[in-house]
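Undergrad: Could you put the whole structure together from the sequences, leaning on the hints where they help?
Number of protein chains: 2
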Amino acid sequence: MSFSPLIRHLIDSLRILPGVGQKTAQRMALHLLERDRSGALRLAQALTQAMEGVGHCKTCRTLSEDELCPQCSDPRRDDSLLCIVEGPMDVHAVEQTGYRGRYFVLKGHLSPLDGLGPEAIGIPELLTRVEAGSFSEVILATNPTVEGEATAHYIAQMLANKGLITSRIAHGMPLGGELELVDGGTLAHALAGRRPISL
Amino acid sequence: MSFSPLIRHLIDSLRILPGVGQKTAQRMALHLLERDRSGALRLAQALTQAMEGVGHCKTCRTLSEDELCPQCSDPRRDDSLLCIVEGPMDVHAVEQTGYRGRYFVLKGHLSPLDGLGPEAIGIPELLTRVEAGSFSEVILATNPTVEGEATAHYIAQMLANKGLITSRIAHGMPLGGELELVDGGTLAHALAGRRPISL
Ligand SMILES: [Zn+2]
Ligand SMILES: [Zn+2]
Numbered sequence: 001m002s003f004s005p006l007i008r009h010l011i012d013s014l015r016i017l018p019g020v021g022q023k024t025a026q027r028m029a030l031h032l033l034e035r036d037r038s039g040a041l042r043l044a045q046a047l048t049q050a051m052e053g054v055g056h057c058k059t060c061r062t063l064s065e066d067e068l069c070p071q072c073s074d075p076r077r078d079d080s081l082l083c084i085v086e087g088p089m090d091v092h093a094v095e096q097t098g099y100r101g102r103y104f105v106l107k108g109h110l111s112p113l114d115g116l117g118p119e120a121i122g123i124p125e126l127l128t129r130v131e132a133g134s135f136s137e138v139i140l141a142t143n144p145t146v147e148g149e150a151t152a153h154y155i156a157q158m159l160a161n162k163g164l165i166t167s168r169i170a171h172g173m174p175l176g177g178e179l180e181l182v183d184g185g186t187l188a189h190a191l192a193g194r195r196p197i198s199l
Numbered sequence: 001m002s003f004s005p006l007i008r009h010l011i012d013s014l015r016i017l018p019g020v021g022q023k024t025a026q027r028m029a030l031h032l033l034e035r036d037r038s039g040a041l042r043l044a045q046a047l048t049q050a051m052e053g054v055g056h057c058k059t060c061r062t063l064s065e066d067e068l069c070p071q072c073s074d075p076r077r078d079d080s081l082l083c084i085v086e087g088p089m090d091v092h093a094v095e096q097t098g099y100r101g102r103y104f105v106l107k108g109h110l111s112p113l114d115g116l117g118p119e120a121i122g123i124p125e126l127l128t129r130v131e132a133g134s135f136s137e138v139i140l141a142t143n144p145t146v147e148g149e150a151t152a153h154y155i156a157q158m159l160a161n162k163g164l165i166t167s168r169i170a171h172g173m174p175l176g177g178e179l180e181l182v183d184g185g186t187l188a189h190a191l192a193g194r195r196p197i198s199l
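Taken in sequence, the protein lines are chains A and B. Residue numbering for the first sequence follows the UniProt record's numbering, beginning at 1 and increasing consecutively. Residue numbering for the second sequence follows the UniProt record's numbering, beginning at 1 and increasing consecutively.
Hints are all accurate, no fakes.
Partial chain A-side listing against chain B, Cβ under 8 Å, derived:
hint, residue
1, S2
2, S13
3, L30
4, A44
5, L63
Derived from the structure by calculation, the hints contain no laboratory data. Every residue, glycine too, gets a C-beta built ideally from N, C-alpha and C.
TA: As structure tokens, then:
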């Protein structure tokens, strides 16, 4: 027990961050205490403000403290295109490709083994969104994993009789990979190479 | 700008953590918002409490919110041994070896090019500590870098006429390395193989 209680508590608390183990947490805690206390206090405030203030965009369901996120409140975007992704990080990834249509953000993917069915991931809200919009094409940009494919297929079937083009991003990216980890160029090609889903 | 302002601010704030770049900060922010808001609020509180509450042990100068740190307040430790290190993380590293003497924690090492002389790193306080104690041996456990060696040599010269054994941890560890990055076994050997400094 070489650290005093408040420092030990800070080290333990830092371990909630993804990818941060005991040794990294120790280095972070001592770095902040020795070299950047004002930065650490600003981080504490930013954490509190974000956790208490950020909810979900009422239109696309991405994370946002405003009723409408930056993508939904921008009047210059293409209202005929809807891109469906598994999470907020994927919106960021698709934005890097230059896509300027609209979004709908699922809460992950269908996962029957974990008890995550259509309601759990926001499919009813997606249907409401599609019916309220004037989209000509819906782009299914769920991850190219088994679950992401199944989710895309499920949505394509659900939208089959709506008079829409339903497309799937091309498999330019490695199978089993995650959208948010792929480089922008690869994702841009995958987006450009999208093709209609044949049921 | 695909993230709302509070999320962007959180991402920027997370980048003060050592080793955390833009992409890692994004993943951390969204992970906390989507999966662990209560953990993030606890982290915010731990940061605030630590930054506002933690000062320095009045005896060894390591980080501590109490007047005396765990090592200085423990009556069972060996009062005849003093181990001098460059920072609080090094106390933690030396503790892992089983060492149970006392410590003095410098503020880094002498660095004339950066204007860091003896006063800046706490040498006067070290002298006060040595004169107030009843040590028979002072172990110089500064890093085995050029600056750490120079700092150890400076302190050894300063203590030359105090009737103390002044020892230097053995170079079992790679030259140019840092104490806190070495494994415990290597550091334990280095500590066991310490030898008197011949001036
Ligand atoms: Zn939105
Ligand atoms: Zn102490």
